[in-house]
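The whole structure should be built from the sequences, with the hints applied where relevant.
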Amino acid sequence: MDLRKGQIEPILDPNQSTYVYHLALDIGGSLAKVVYFTKDDDYFVDSEEGISNKKALEKSNGSRQYPVLNGRLNFKKFETSKINDCLEFINSMKLHFGGNQEQEIPGSQPIAVKATGGGAYKYADLFKERLGIILDKEDEMDCLVAGANFLLEVVHQEAFTYMGDQKQFVQIDQNDLYPYLLVNIGSGVGMIKVEGEGKFERVSGTSIGGGTFWGLGKLLTNCKSFDELLELSYRGNNRAVDMLVGDIYGGMDYSKIGLSSTAIASSFGKAISDNRDREDYKPEDIARSLLRMISNNIGQISYLNALRFGLKRIFFGGFFIRRHPFTMDTLSVAVNFWSKGEAKAMFLRHEGFLGAVGAFMSSDKHGLKELLANQVVQKAPSKLSFAVDKIIHGQPDGDESIECSVYAA
Amino acid sequence: MAHTGNNSMHRSSSRPQLDLSKAEIQGNVEEKYPTILLPNQSHDISHLALDLGGSLIKLVYFSRHEDQSTSDKRIRNVKNRLDGNRRSYPILGGRLHFVKFETSKINECLDFIYSKQLHCGGDEPHYSDAMTDSNAIIKATGGGAYKFADLFKERLGLSLDKEDEMSCLVAGANFLLKAIRHEAFTHMEGHKEFVQIDPNDLFPYLLVNIGSGVSMIKVDGDGKFERVSGTNVGGGTYWGLGRLLTKCESFDELLELSQKGDNSSTDMLVGDIYGGMDYSKIGLSASTIASSFGKATSEKKGLEDYRPEDISLSLLRMISYNIAQISYLNALRFGLKRIFFGGFFIRGHAYTMDAISFAIHFWSKGDAQAMFLRHEGFLGALGAFMSYEKHGLDDLMVHQLVERFPMGAPCTGGKIHGPPLRDLNEKISWMDKFLQKGTEITAPVPMAPPGTTGLGGFDVPLSKGSTLRSDASALNVGVLHLVPTLEVFPLLADLKMYEPNTIDLSDHSELEYWLKILSEHLPDLVDKAVASEGGTDDAKRRGDAFARAFSAHLARLMEEPAAYGKLDLAKLLEMREECLREFHFVDAYISIKQRENEASLAVLPDLLMELDSLDEETRLLTLIEGVLAANIFDWGSRACVDLYHKGTIIEIYRMSRNKMQRPWRVDDFDAFKERMLGTGDKKPPLHRRALLFVDNAGADIVLGMLPLARELLRRGTEVVLVANSLPALNDVTAMELPDIVAEAAKHCDILRRAAESGGLLVDAMTNNLDSSKENSSSVPLMVVENGCGSPCIDLRQVSSELAAAAKDADLIILEGMGRALHTNLNARFRCDALKLAMVKNQRLAEKLIKGNIYDCICKFEPAS
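Those protein sequences? They're chains A and B, same order as listed.
Under numbering that gives the first Met the number 0, the first residue of the first sequence is numbered 0, with each subsequent residue one higher.
Under numbering that gives the first Met the number 0, the first residue of the second sequence is numbered 0, with each subsequent residue one higher.
Hints listed in this document are in silico derivations from the structure and should not be mistaken for laboratory results.
Check each hint, because a few of them may be wrong.
The calculated DSS-like cross-link candidates involving lysine-lysine, where the alpha carbons are at most 30 Å apart (straight line), are [as the list claims (entries may be wrong)]:
#1 B:K364 / A:K136
#2 B:K146 / B:K161
#3 A:K127 / B:K299
#4 B:K161 / B:K104
#5 B:K300 / A:K281
#6 A:K198 / A:K343
#7 A:K166 / A:K127
#8 A:K281 / B:K336
#9 A:K223 / B:K336
#10 A:K121 / B:K299
#11 B:K336 / A:K311
#12 B:K161 / B:K177
See below:
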């Protein structure tokens with residue numbers, strides 16, 4: 000946690016208008032994620048209390064270091080199909096001008112913003128045209144890993160396990176973090192073996208991911224949004240569509256091979272019935288079955304890969320999870336089942352924003368990361384849970400944030 | 000694996016014994032293969048096992064065929080001479096049949112069992128009443144074994160004895176992989192390749208059974224296995240989701256749809272995310288699926304806006320890839336080098352197999368290969384069959400199994416079984432019906448090479464257009480004939496390296512050529528066959544049906560060369576003979592053979608006189624010339640059939656012999672002569688016993704091989720004439736040979752004494768085998784059957800009689816195109832071998848010896 004001794008770096012130069020380190024984008028197949036940094040004074044939300052707490056904390060720490068910058072890392076997401084909303088948001092916040100509206104200089108050279116995800120290529124022209132922003136493409140996986148490493152190293156209680164409705168934060172010893180398997184569940188799923196800063200390899204993946212859930216779900220139900228589908232799955236019962244071990248063995252377990260009667264033998268295996276059509280199945284049940292199928296599968300493939308490379312920790316991130324308890328629970332159960340209890344699935348609080356945070360980090364050529372790393376203080380937990388509610392209700396304005404200070408020696 | 004005496008002793012103890020008391024021959028005595036009823040045979044020989052799955056019922060049943068050979072005087076004599084102290088237990092030969100039904104039509108299955116009387120242990124309908132109440136117990140597996148137990152009890156009086164599903168799967172797979180030579184195959188980009196697996200190097204392997212769900216089983220040996228993994232995303236998921244998303248009425252319909260699909264409208268590809276570019280840093284091409292159904296999230300589109308074809312393909316790829324990935328990870332985890340995929344999801348569906356293979360290749364970076372099993376759907380049923388305490392298949396070896404494809408095979412493909420065909424009449428009308436359906440089969444049409452996918456291997460689904468049935472690449476499953484008397488020919492130098500066929504039919508131009516040859520020869524063959532039975536209306540009708548059935552086979556093979564497993568010329572030629580037999584043409588060339596035998600025998604004395612006037616060296620050359628010249632009489636060769644119209648047998652023979660100018664195209668005569676006669680004063684050791692593999696009836700045997708045999712006998716070498724067990728074209732059979740020899744012996748003392756000594760002629764005065772043996776002044780001339788009914792011979796599967804005769808042999812003479820060229824030209828033996836043939840096919844001449852039609856081969860290879 001020590002600072003690099005005697006290292007004094009210029010954090011930002013307000014006069015340099017192209018220096019927009021405090022905005023980064025991750026434009027994925029279904030969602031566009033924005034991470035931006037706001038200084039305390041231009042963050043116009045509530046929480047005087049939060050700030051004063053933090054200041055009190057700083058004092059009590061008796062730190063010799065002093066912050067050069069206090070502010071918040073803000074997280075925001077948009078559906079990629081509504082990329083215009085994202086553009087408008089950036090435009091309205093004047094974020095691309097360094098958050099400083101007064102300093103707009105017409106005709107100045109284009110502003111470069113770090114971006115990752117496939118959309119960084121696809122929408123490059125659009126950003127250029129509409130906002131005059133050049134998207135500076137960062138490798139997607141570099142960003143994911145950098146984001147995860149950053150969060151796991153500097154944010155207390157970033158990782159947690161989730162089993163049977165029990166959420167438990169895991170304190171990870173920074174010196175014992177590596178190697179780990181990072182499973183990023185976006186539209187598809189990437190599985191990355193991480194061995195250290197910048198040291199990683201994509202070892203596997205699967206095309207059955209969040210996009211599959213949402214795509215199939217959309218075809219099978221009348222849901223209008225990913226979140227609506229997730230919510231539906233809460234209320235469903237997969238027994239109506241899945242063929243369970245008990246269905247095959249007349250209600251009995253197939254104990255010889257350790258399968259209980261409620262284990263799913265075949266996802267959607269009951270939907271083959273001749274006399275029932277799609278309308279005859281409840282959308283809730285279909286959503287539930289889909290979710291279990293996909294989570295279970297990801298959990299299994301992840302575990303097999305962790306086993307293969309001897310990785311003791313599996314972190315699941317990416318937008319599919321959305322802190323949806325049932326998703327996390329299924330992933331956890333799958334890992335637990337296949338590893339016979341030896342491995343545990345872990346999740347990240349900022350699971351959806353790994354890429355964006357990574358891109359954000361990569362934008363700092365001046366050691367911001369190291370500086371930020373020294374202390375990042377979470378906002379009050381109540382704030383976070385509030386954000387989760389919002390997500391579930393399908394209003395992805397999840398303006399959650401990490402309040403943080405940037406220090407210099 | 001050597002077939003040792005110990006081994007057979009051991010086998011005899013575990014083999015079910017047939018109770019032959021009160022056996023009687025049932026039915027028309029004129030029938031070729033009368034059924035022998037064994038009323039006292041107890042039920043301990045199993046006949047039937049079932050795998051009652053969720054969507055299909057698989058049935059494996061065994062039908063015995065009786066050992067008819069014991070009544071044959073020739074064989075009895077030879078047996079006494081060659082293997083008097085070998086086995087004495089009754090031989091249980093039979094056929095293993097594979098049949099499937101849809102579970103929803105379980106009544107068809109019940110009817111089938113009833114009509115075949117399988118529930119009472121045999122195929123004799125009139126015994127049903129007596130036996131239905133005997134409460135037979137049938138082994139069954141699959142979920143339906145529980146569900147339908149009462150139904151079987153009620154309808155057929157059968158009790159289903161439930162066997163564990165996974166044990167059955169493994170037992171079935173182990174049996175097939177060990178017992179069937181080319182059971183396993185790989186399937187990449189539409190190309191099928193059969194893999195020969197060394198039964199001694201089979202374990203461990205991963206067996207992936209894709210049913211509704213997927214089980215992954217690590218198999219370490221017989222009965223040694225563990226379910227190590229599985230996935231709930233399987234065939235049921237494909238069909239379940241497919242049904243919800245499309246209007247398909249059946250699994251097969253859904254599969255068929257996928258053939259015409261394009262998954263890029265539903266799947267999010269890497270290119271979609273990266274604006275058409277690859278994500279090459281991690282080796283993902285633009286067409287790699289990033290997210291299955293990831294494109295179906297578009298707001299503006301509903302289900303009806305997507306083509307069902309695309310949805311089906313997208314589903315199929317999603318599920319196949321996923322299964323393959325999890326399988327590979329598990330194989331890796333346990334260090335298993337082979338992954339076999341089975342289960343109903345695959346159904347021989349080319350695209351499914353391609354998808355799985357591709358994914359295995361992709362994830363293993365080419366280190367691992369997916370393999371499939373030809374009998375994939377029958378693993379469970381076969382395993383249930385194996386679970387009988389006495390199933391009779393214990394120690395079956397690969398050489399004891401012959402797979403045959405009955406007439407219905409090309410029409411049914413991998414399809415569900417239709418109504419049982421009870422007799423020939425039904426068969427014929429079935430063929431008629433088949434023809435009416437418009438599947439007219441004419442001469443072979445040019446074939447296109449198998450579709451390749453191009454574009455980086457896998458981006459475009461394999462599709463041959465709208466004509467493609469979903470099961471177009473389904474592999475036929477033939478009837479497995481269990482012939483316990485078959486053995487490996489013991490004189491092969493290296494069994495593992497032995498490949499009988501010299502022509503590679505996986506070369507498409509070769510296949511096309513040979514299919515065309517067979518097709519062109521067909522009308523003539525039908526004429527001969529019909530004529531052989533007096534040209535009656537019945538014979539004509541059967542002839543027509545045969546032509547249709549065989550044409551259907553050819554057409555099927557043209558469409559799918561691997562439909563019947565690994566295809567080779569020997570198999571193709573045998574199929575034709577089998578097909579003839581199936582339509583009750585016992586011996587199409589019988590009258591031709593008789594006529595030619597008579598004509599040749601008439602001139603034999605003159606020929607022998609001529610030979611006897613020559614000195615030893617000239618005689619040997621003349622004899623070999625004679626064999627080569629006489630080999631021109633071959634009804635299997637179109638060119639020779641044309642020749643027949645130009646002269647009498649002896650004219651053609653003399654003309655042919657006069658043309659025999661050395662050096663021949665392959666000419667090892669000098670080496671052979673040296674081995675026989677030596678050089679200078681050095682006299683080489685005599686051969687003790689020579690095996691002469693003979694070819695055609697008529698001049699070929701009478702004027703060619705018999706004189707050569709006579710010469711060997713005169714020199715003091717025992718001679719065993721090896722001939723076909725069953726007729727094939729105008730080949731002479733082991734049944735016919737004793738009469739020919741007897742006729743020849745009338746004019747030749749050497750032959751007479753040798754034939755007497757060999758038990759072929761029984762001296763009227765001393766009708767006693769032992770005394771004739773002792774009084775014999777000559778080395779014996781014997782006849783053995785080779786165990787096959789094909790113009791070619793696969794020396795991995797010969798009769799036990801021949802194997803026994805081979806034990807003391809130190810010279811092999813293979814004669815004729817079928818046995819010395821099409822097959823075995825490159826075979827190596829542990830003793831001296833002489834291969835003699837005239838090439839009567841231009842293409843073959845060019846291919847094998849870079850020569851021309853009517854070129855001769857005299858290839859001598861000393862013991863290796």
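Tell me the hint numbers this structure goes against, listed in increasing order. 7, 8, 9
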